[in-house]
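Asks: One-letter residues, chain by chain:
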Amino acid sequence: MADSAILISNLLFRWPRQPAACLDIPELAIAAGEHVFLHGPSGGGKSTLLGLLGGVAVPERGSIELLGGDITRLSDRARDRFRADHIGFIFQQFNLLPWLSALDNVLLPCTFSARRKQRTGNARETATRLLTHLDLAPASWHKPAAELSVGQQQRVAAARALIGRPEILIADEPTSALDAPRQQIFIDLLLAEAAAAGAALLFVSHDARLAAHFDRKIALCDINRAGAVEP
Amino acid sequence: MKAVLILAVKSAWARRLTLGVTLCAIALASALLFAVERVRHDARQSFTQAVSGVDLVVGARSGSVQLMLYAVFHSGAATHNIRRESYEAIATHPVVDWAVPLVLGDSHRGFPVLGTTPDYFRHFQYSDQRPLVFAAGQAFSDVFETVLGSAVAAELKLKVGDRITLTHGMAEAGPGHDDKPFSVVGVLKPTGTPVDRSVHVGLEAITAIHLDWVGGAPLPGLAIPAEFVKKFDLQPKEITALLVGLKSRAEVFRLQRHINSYRGEPLMAVMPGVALDELWQTLGMIEQTLLAMSALVVVIGLAGLLATMIASLNERRRELAILRALGASPRELFLMLTAEGLLITTLGVALGLGLLAVGTFFFAPLLQAHFGIILQWRLLSPNEWLLLAAILGTGLVASLIPGWRAWRMSLADGLTPRN
Chain A
1 MADSAILISN LLFRWPRQPA ACLDIPELAI AAGEHVFLHG PSGGGKSTLL
51 GLLGGVAVPE RGSIELLGGD ITRLSDRARD RFRADHIGFI FQQFNLLPWL
101 SALDNVLLPC TFSARRKQRT GNARETATRL LTHLDLAPAS WHKPAAELSV
151 GQQQRVAAAR ALIGRPEILI ADEPTSALDA PRQQIFIDLL LAEAAAAGAA
201 LLFVSHDARL AAHFDRKIAL CDINRAGAVE P
Chain B
1 MKAVLILAVK SAWARRLTLG VTLCAIALAS ALLFAVERVR HDARQSFTQA
51 VSGVDLVVGA RSGSVQLMLY AVFHSGAATH NIRRESYEAI ATHPVVDWAV
101 PLVLGDSHRG FPVLGTTPDY FRHFQYSDQR PLVFAAGQAF SDVFETVLGS
151 AVAAELKLKV GDRITLTHGM AEAGPGHDDK PFSVVGVLKP TGTPVDRSVH
201 VGLEAITAIH LDWVGGAPLP GLAIPAEFVK KFDLQPKEIT ALLVGLKSRA
251 EVFRLQRHIN SYRGEPLMAV MPGVALDELW QTLGMIEQTL LAMSALVVVI
301 GLAGLLATMI ASLNERRREL AILRALGASP RELFLMLTAE GLLITTLGVA
351 LGLGLLAVGT FFFAPLLQAH FGIILQWRLL SPNEWLLLAA ILGTGLVASL
401 IPGWRAWRMS LADGLTPRN
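In order, the protein sequence lines correspond to chains A and B. Note that our numbering gives residue 174 to position 174 of the first sequence, counting from 1, and the numbers run on in steps of one. Note that our numbering gives residue 368 to position 368 of the second sequence, counting from 1, and the numbers run on in steps of one.
Quick caveat, the hints were computed from the structure, so don't treat them as lab data. In this text the structure is predicted, and so the values were computed from the model without any measurement. We put the CB at the ideal spot given by N, CA and C, even for glycine. It is possible that part of the hints are untrue.
Computed far set for chain B versus chain A, every beta-carbon distance over 10 Å [said to hold, decoys possible]: (1) ALA3; (2) SER11; (3) TRP13; (4) GLY76; (5) ALA89; (6) ARG318; (7) GLU319; (8) GLY327; (9) PRO330; (10) LEU415; (11) THR416.
For lysine-lysine, the following DSBU-like pairs were computed, each having C-alpha atoms within a straight-line distance of at most 30 Å [unchecked claim]: (12) LYS247(B) / LYS117(A); (13) LYS143(A) / LYS10(B); (14) LYS159(B) / LYS230(B); (15) LYS117(A) / LYS143(A); (16) LYS117(A) / LYS10(B); (17) LYS180(B) / LYS230(B); (18) LYS159(B) / LYS189(B); (19) LYS231(B) / LYS247(B); (20) LYS231(B) / LYS189(B); (21) LYS143(A) / LYS159(B).
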């Protein structure tokens with residue numbers, strides 16, 4: 001499947017010094033540009049799966065093909081580089097560097113990835129365009145991230161994940177700190193931006209109610225044969 | 001790599017208050033260490049270079065350290081003097097090339113007055129066989145003439161042609177010899193030795209100003225005007241010490257033995273080099289202890305850095321995870337933390353050296369005035385480079401620990417910090 005953004009097959013992962021496997025996933029495929037909602041209870045292996053997709057952990061066996069290449073065969077450094085070049089991450093609430101301005105936070109991926117910098121063109125211009133598009137007033141652009149409201153921080157985090165148009169977007173409980181109306185606004189925004197960028201979106205949450213607008217909903221316990229708990 | 005280092009600086013700047021305090025501690029600690037090393041080095045220099053080209057220093061029998069203190073450093077007082085006959089006997093001894101008598105006891109505004117002969121300026125040497133050089137004027141040739149050391153002239157703003165009066169004893173407010181003023185006829189170039197702080201007059205002058213004195217006080221009702229002093233025998237009956245140069249250095253032990261067993265009165269002769277080393281040895285323990293203590297202060301400063309960084313690491317766990325998600329490798333995070341520690345250490349040491357320079361500027365005159373230690377404004381000596389390397393090396397080791405922890409943490413946390 002050349003048009004798969006993410007293709008996991010035969011994956012087995014076990015935390016060190018633990019007898020039972022944490023993840024045992026025979027297959028998981030996400031097409032390019034597809035928006036997938038991954039649902040699972042806390043401690044169900046979601047973070048571990050994201051770590052494997054991000055290439056900060058390596059499975060015991062199986063392959064993780066991202067954009068057609070198996071990242072488990074890459075070196076540590078190459079996996080770090082792949083992550084910087086092709087994946088945009090959004091985490092739970094405090095995922096900005098508090099001592100950088102909103103704008104500098106958005107620009108961070110470009111300092112780590114030459115590819116994303118190059119795809120961005122004029123980085124500052126793109127960053128301000130993204131922030132404007134995400135409805136962040138120019139007055140907040142140069143404020144330290146620590147001074148922004150939680151909602152503003154989330155939008156800056158989204159802009160940071162989107163800059164340089166990475167092919168894969170991974171969001172890990174990005175709405176857990178927001179109230180219900182804002183949650184939906186943020187998800188709609190994220191879906192629209194992912195669609196505009198043509199990126200595959202993997203949205204992970206324990207809250208199944210948020211799944212409404214996604215192409216597909218997957219429950220981790222359905223694809224994971226291992227029942228073990230994350231440490 | 002460059003991006004990570006820039007981020008390291010920005011991140012450190014965000015924590016500038018805590019790191020600033022740590023930096024100041026390191027700066028003060030290293031300034032202290034360098035100051036102790038510098039004072040130690042310069043004190044030793046001042047000591048061992050104070051006299052050269054003199055084969056024997058002769059005085060009344062006491063201790064060699066005491067003799068050196070008053071004869072060379074013009075500090076402290078002799079318990080006994082040398083009789084004129086003994087001095088003449090030594091000066092005319094066949095192996096003696098020259099003998100310069102010294103008389104101490106008076107002062108001018110806190111600077112010791114040295115009564116001697118014009119030969120002093122010809123024979124006395126310091127450092128590495130360097131002779132005394134006149135910056136202005138020449139040696140005294142008449143009774144009420146004086147030659148000033150460079151520091152005396154500079155601090156009291158005196159020049160050739162000025163007139164000064166002497167004071168009896170070392171106290172600034174002691175009884176005066178105001179009736180017999182001296183005119184300055186020469187000023188010496190700086191030597192970095194006690195010579196700089198001495199007021200030189202002829203032996204006859206010392207006798208002349210004490211003609212109407214008895215037992216350390218003016219004789220009431222007797223005042224001999226300066227014009228009449230030449231009618232008296234101005235050769236002193238006693239001198240304080242004697243500097244001796246030999247025709248051949250090989251004779252030094254023979255003459256030393258001769259003087260030490262001199263029958264006329266109890267005398268002693270010491271070789272200045274040996275005595276200065278001995279004097280230094282007595283201070284060596286204190287000096288080493290001081291150095292060790294200030295090294296310990298530096299270690300404490302760096303331990304403070306380590307503690308600050310490790311404490312901040314828990315708060316920065318999320319920061320490290322974010323950087324990791326953006327593509328930073330554990331190695332780069334290790335580098336980031338280590339660079340931060342090394343940056344603080346380097347800035348601290350640089351600031352410490354700055355403090356040292358400023359401190360030298362302000363305290364050097366004080367040190368020189370009170371302890372006779374000449375602290376020089378100069379670049380780092382090889383020894384100090386070694387200290388610098390040791391501080392930076394220790395700082396690096398201290399920084400590796402938080403770096404290593406960050407590396408471990410980022411491997412364990414992956415993209416989701418556990419706190």
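Asks: Please go over all the hints and tell whether each is borne out by the structure.
Replies: How the hints compare with the structure:
no.	hint	in the structure
1	ALA3	violated (4 Å)
2	SER11	violated (6 Å)
3	TRP13	violated (7 Å)
4	GLY76	holds (61 Å)
5	ALA89	holds (84 Å)
6	ARG318	violated (6 Å)
7	GLU319	violated (6 Å)
8	GLY327	violated (2 Å)
9	PRO330	violated (8 Å)
10	LEU415	violated (5 Å)
11	THR416	violated (4 Å)
12	LYS247(B) / LYS117(A)	violated (85 Å)
13	LYS143(A) / LYS10(B)	holds (15 Å)
14	LYS159(B) / LYS230(B)	holds (26 Å)
15	LYS117(A) / LYS143(A)	holds (23 Å)
16	LYS117(A) / LYS10(B)	holds (20 Å)
17	LYS180(B) / LYS230(B)	holds (13 Å)
18	LYS159(B) / LYS189(B)	holds (12 Å)
19	LYS231(B) / LYS247(B)	violated (36 Å)
20	LYS231(B) / LYS189(B)	violated (35 Å)
21	LYS143(A) / LYS159(B)	violated (66 Å)
Checked against the numbered hints above, the structure breaks hints 1, 2, 3, 6, 7, 8, 9, 10, 11, 12, 19, 20 and 21 and satisfies the rest.
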